[in-house]
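Construct the complete structure from the given sequences, taking the supplied hints into account.
Residue numbering for the sequence shown follows numbering that gives the first Met the number 0, beginning at 0 and increasing consecutively.
Hint data in this document are derived by calculation from the structure and do not stem from the laboratory. In this text, a Cβ means the ideal position worked out from N, Cα and C, and glycines have one as well. Any given hint might turn out to be false.
Derived DSBU-like pairs: lysine-lysine, alpha-carbon spacing no greater than 30 Å straight-line [said to hold, decoys possible]:
| hint | residue 1 | residue 2 |
| --- | --- | --- |
| 1 | Lys347 | Lys330 |
| 2 | Lys209 | Lys219 |
| 3 | Lys331 | Lys94 |
| 4 | Lys373 | Lys432 |
| 5 | Lys330 | Lys94 |
| 6 | Lys362 | Lys347 |
Pair ranges (Cβ atoms, derived) [unchecked claim]:
| hint | residue 1 | residue 2 | range |
| --- | --- | --- | --- |
| 7 | Arg31 | Glu281 | 25 to 35 Å |
| 8 | Asp413 | Ser439 | 16 to 26 Å |
| 9 | Ser454 | Gly378 | 18 to 28 Å |
| 10 | Asn61 | Phe416 | 55 to 65 Å |
| 11 | Phe416 | Leu578 | 49 to 59 Å |
| 12 | Asp90 | Gln602 | 38 to 48 Å |
| 13 | Thr97 | Ala25 | 39 to 49 Å |
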Amino acid sequence: MGLFNKTKVETYKWYEVEPSPFQLLAQEDQDRLTSNFTQLLNSVNEAVIYVKNVFDFYEYENSQYPVIITKFYFGTRENTPGFFNMRETSDPLSKTPTVTYEYPDKIILSDSSLAKVLVTYNYPDYLPDGFLFEYYGIADEIFVKFKQVDQYKAIKMVSAARLRAESLLRGNRITPEIERKVQKLRDLSTTIGGSARLFELYLYVVIKGKTDGELLEKEKRIKEIANARLLSIDVPKYIQRELYEFKTSVSAFTSFSIEKNFIDSISAGAFYPFISEDLVDEGGVFLGISGSNSPVIFNPYSRNNYNIVILGETGSGKSMTTKVFLRRLRKKMSIGINGIDPENEYIKDVVAKELNISPVLIKPGQKLGLDLMKFVREGFIDATDAAELIADLYYVPQELRPRLRRLFVSSDADTIFQFIDELKESKAEDLLKYLDAVESPPDSYVYDGIPIDISGNVVFGIKELRNQRLKVVVSSLLTLLLQRKMLSGRQLLFVDEAWIFSEYPAVLNLLQEVARRGRKYGDIFMYITQRPWDVYNTPEGRTILEQAATAILLRQRAAATEVLQKAYNLSQAEIHYLLSANPGQGIIRAGNYKLTLQILVTQEELEKFSTSPAI
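What follows is the structure, given as structure tokens:
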């Protein structure tokens, strides 16, 4: 059999991997990631890591920012590995350009670009963790292939190599290099006999260019980086097509000595690849720049859930940030926008027009048709949860709630008013003391009438309602109404000034349920508040804050610092930064990323959205 089986393309189950920053992490955090990587390798017999870079430009107000969008894939023949938030995906190699012509040392692809595949064939004794990241700004694609060697065979191979090396110690020319080699093999004998595994290792680097000059420049830079690490890398001739098309057998390369083309799983931590220091999501929304002046391009669908929390005190740029994000998101992708707006910020004509929403102003005395019992009958909410919700909204004491729950669940009423009549008939005066407000204005207007039309993009402004409790009643019932709509998928629901719900656990539980269902239906839930400490004080609110995959933290009051440290593991330096941040400045935590952020607003957005002279 030759070097390649030209009729067979190796097939794998493919998973997309969420990367994270690495270089600036504390040593213990780096060790945690490399340890997880070692466990990942030990859990599979064979694996391929595919890193794909897309070089692009992002335009903002006539300025172009160069960006590199890096995608990470893990291919294996085993079942889903439980590491690094992997998501099953289709074969990423099926989308690569095909070979149309081959030269001895390069190929021409179907997109008219030139390509070369470089192969690493000699490794030094030491490589720093995450060293592959050094190639990400130059290489177009990187492949790392690991194949686990049978444990018995591995022990025999290492032992034989150790004995050969130790025989050199009996000679007359003992050098420091020979001593290091012997010690390394002795150490390897110990680890291979224990928890470590031995792997065959192959590393390919693919470079592409429109011209020979561009290709040669990339090749030169790749070799310079490799040489600096004492890695030997070259372009094998006459097998470029086979390498590019990944038509290889595990014996694809000439057998080198054990320390050069075999690696144990502990040392393989140096090959930890899932690194991205900048937040640049494919198909994302431009938010602004990071502390290193790199563009921040954010796609909520790149996270493991689509929930977003925006926290900031009055004047921190919270409202502007939300409006800018919604405007840019709407222009970037097809998604329905819905909202609860306690301060009527988003129903202003100019804002509604920019966000392409239908503003609905809720006025005192307006019949809304938000009958909770009807919602139960129509399957919007479980009867038990509805009973808990009405108990919260009307401050029913804890000792009366079990009875209310029993009566509500067993009720035959079709409307909330009929349920109140049932309570009267059963002479439940203790409950009516709290619930008779349902029949009286202003609450009766909330339940009476025909439900509001929620088709299209709709935001409800509730500022004109008389008191905070009434706002909470209306908001919770509107959320129930919108929840049915969100089951259709690709909807966004934002709730502004969300601290007003902090005294109502059942309402927070309702919002938590909306957030929980989001991933299943492709919905985004945005929770916006200036008082995170109030929200965090309840288990339901704490869950919303902590489990949102994305949090944008703008300037904060001192009262918020303890909560933010607990919820988002902020350092003291990050807390100080948030206490003194200018409007629009803050920290974004998106999945594995956490970096400083300056929201950049266009002049047009500033004029249309601003509630103050500047963000």
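These are the hints, each one checked on the structure:
1. With a C-alpha separation of about 19 Å, the suggested pairing of Lys347 with Lys330 holds against the 30 Å cut-off.
2. Restraint check for Lys209 and Lys219: satisfied, since their Cα atoms lie roughly 16 Å apart, inside the 30 Å limit.
3. About 23 Å separates the Cα atoms of Lys331 and Lys94, which keeps this hinted pair within 30 Å; it holds.
4. A threshold of 30 Å between alpha carbons decides the hint, and for Lys373 with Lys432 the separation of about 23 Å falls inside it, so the pair holds.
5. Restraint check: the Cα-Cα separation between Lys330 and Lys94 comes to about 26 Å, which is no more than 30 Å; the hinted pair holds.
6. Annotation: proposed proximity of Lys362 to Lys347 holds, straight-line Cα distance about 15 Å (limit 30 Å).
7. In this structure the hint that Arg31 and Glu281 lie 25 to 35 Å apart at CB holds, the actual value being about 26 Å.
8. Between Asp413 and Ser439 the beta carbon distance is about 20 Å. The supplied range of 16 to 26 Å therefore holds.
9. Checked against the hint of 18 to 28 Å, the pair Ser454 and Gly378 passes, with Cβ atoms roughly 19 Å apart.
10. Between Asn61 and Phe416 the C-beta distance comes to about 60 Å, which sits within the given range of 55 to 65 Å.
11. Distance hint for Phe416 and Leu578: a CB-CB separation of about 50 Å, consistent with the stated range 49 to 59 Å.
12. For the hinted restraint 38 to 48 Å between Asp90 and Gln602, the CB-CB distance of approximately 45 Å keeps it satisfied.
13. At roughly 44 Å, the beta-carbon separation of Thr97 and Ala25 lies within the given 39 to 49 Å, and the hint holds.
Violation of the numbered hints given earlier is absent; every hint is satisfied by the structure.
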